[in-house]
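Trainee: Sequence:
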Amino acid sequence: MATLSKDKQEKIDEIRFGADEYFMNERSKYYELKEKAWSLYPEPKNEWNEAYSLAKDFFSSYLFENKNNKAKEWLDKMIENNNNLHLFDFDIDFEIGKYFFETKNYTKTLEKWKFVVKETGYRYFEDEDPKYKDFYLNPEKYIKE
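So the sequence shown is numbered by our numbering: it starts at 91 and just counts up by one.
Careful: at least some of the hints might be erroneous.
Below are the DSSO-like pairs computed for lysine-lysine, each with C-alpha atoms no more than 30 Å apart in a straight line [claimed, not checked]:
{"id": "1", "residue 1": "194", "residue 2": "101"}
{"id": "2", "residue 1": "194", "residue 2": "157"}
{"id": "3", "residue 1": "234", "residue 2": "223"}
{"id": "4", "residue 1": "119", "residue 2": "135"}
{"id": "5", "residue 1": "160", "residue 2": "135"}
{"id": "6", "residue 1": "160", "residue 2": "231"}
{"id": "7", "residue 1": "101", "residue 2": "119"}
{"id": "8", "residue 1": "157", "residue 2": "96"}
{"id": "9", "residue 1": "146", "residue 2": "208"}
{"id": "10", "residue 1": "198", "residue 2": "119"}
{"id": "11", "residue 1": "208", "residue 2": "223"}
{"id": "12", "residue 1": "208", "residue 2": "221"}
{"id": "13", "residue 1": "162", "residue 2": "135"}
{"id": "14", "residue 1": "167", "residue 2": "157"}
Rather than coming from a laboratory, the hints here were simulated on the basis of the structure.
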């Protein structure tokens, strides 16, 4: 597992979290700062523990904006990071389920989330949009056979 020096990671975090104040009103500035933070990780980026969380910021933001192609690009970076480091196996499965949900692939969503819930309970639904847990508990509202 690779971790950056404390000073380098603090610099990245300052930029990364500073970007959040721009999300609602200045999206271009938000993404510009997130990209700047991303650029500070040395290559290959999939070797850095913290890069997963920054990639997740991008994924979540693009998913929120319904920019599913961009969300998929960042989900792939998260998967690549996790495949290399295996730090977030259940989290990545949950996030893949969110992507499937937002792209209306409800059968695959349910498949992913049943696995996650079996292994971890409902904790991944905490602090998430309530629609995800509603879907999990009531998939028949979404899946029409």
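Trainee: Work down the list of hints and note, for each, if the structure agrees.
Mentor: Checked hints:
1. 194 - 101: violated (38 Å)
2. 194 - 157: holds (14 Å)
3. 234 - 223: holds (18 Å)
4. 119 - 135: Since the Cα atoms of residue 119 and residue 135 sit roughly 22 Å apart, the hinted pair holds (cutoff 30 Å).
5. 160 - 135: holds (18 Å)
6. 160 - 231: holds (28 Å)
7. 101 - 119: Given that 30 Å is the threshold and the Cα spacing comes to 18 Å, the pair holds.
8. 157 - 96: The hint is violated at about 33 Å.
9. 146 - 208: holds (23 Å)
10. 198 - 119: With Cα atoms ~34 Å apart, residue 198 and residue 119 exceed 30 Å; violated.
11. 208 - 223: holds (14 Å)
12. 208 - 221: holds (19 Å)
13. 162 - 135: Roughly 17 Å separates the two Cα atoms, so the pair holds.
14. 167 - 157: holds (16 Å)
Hints 1, 8 and 10, counting from the list given before, are not met by this structure.
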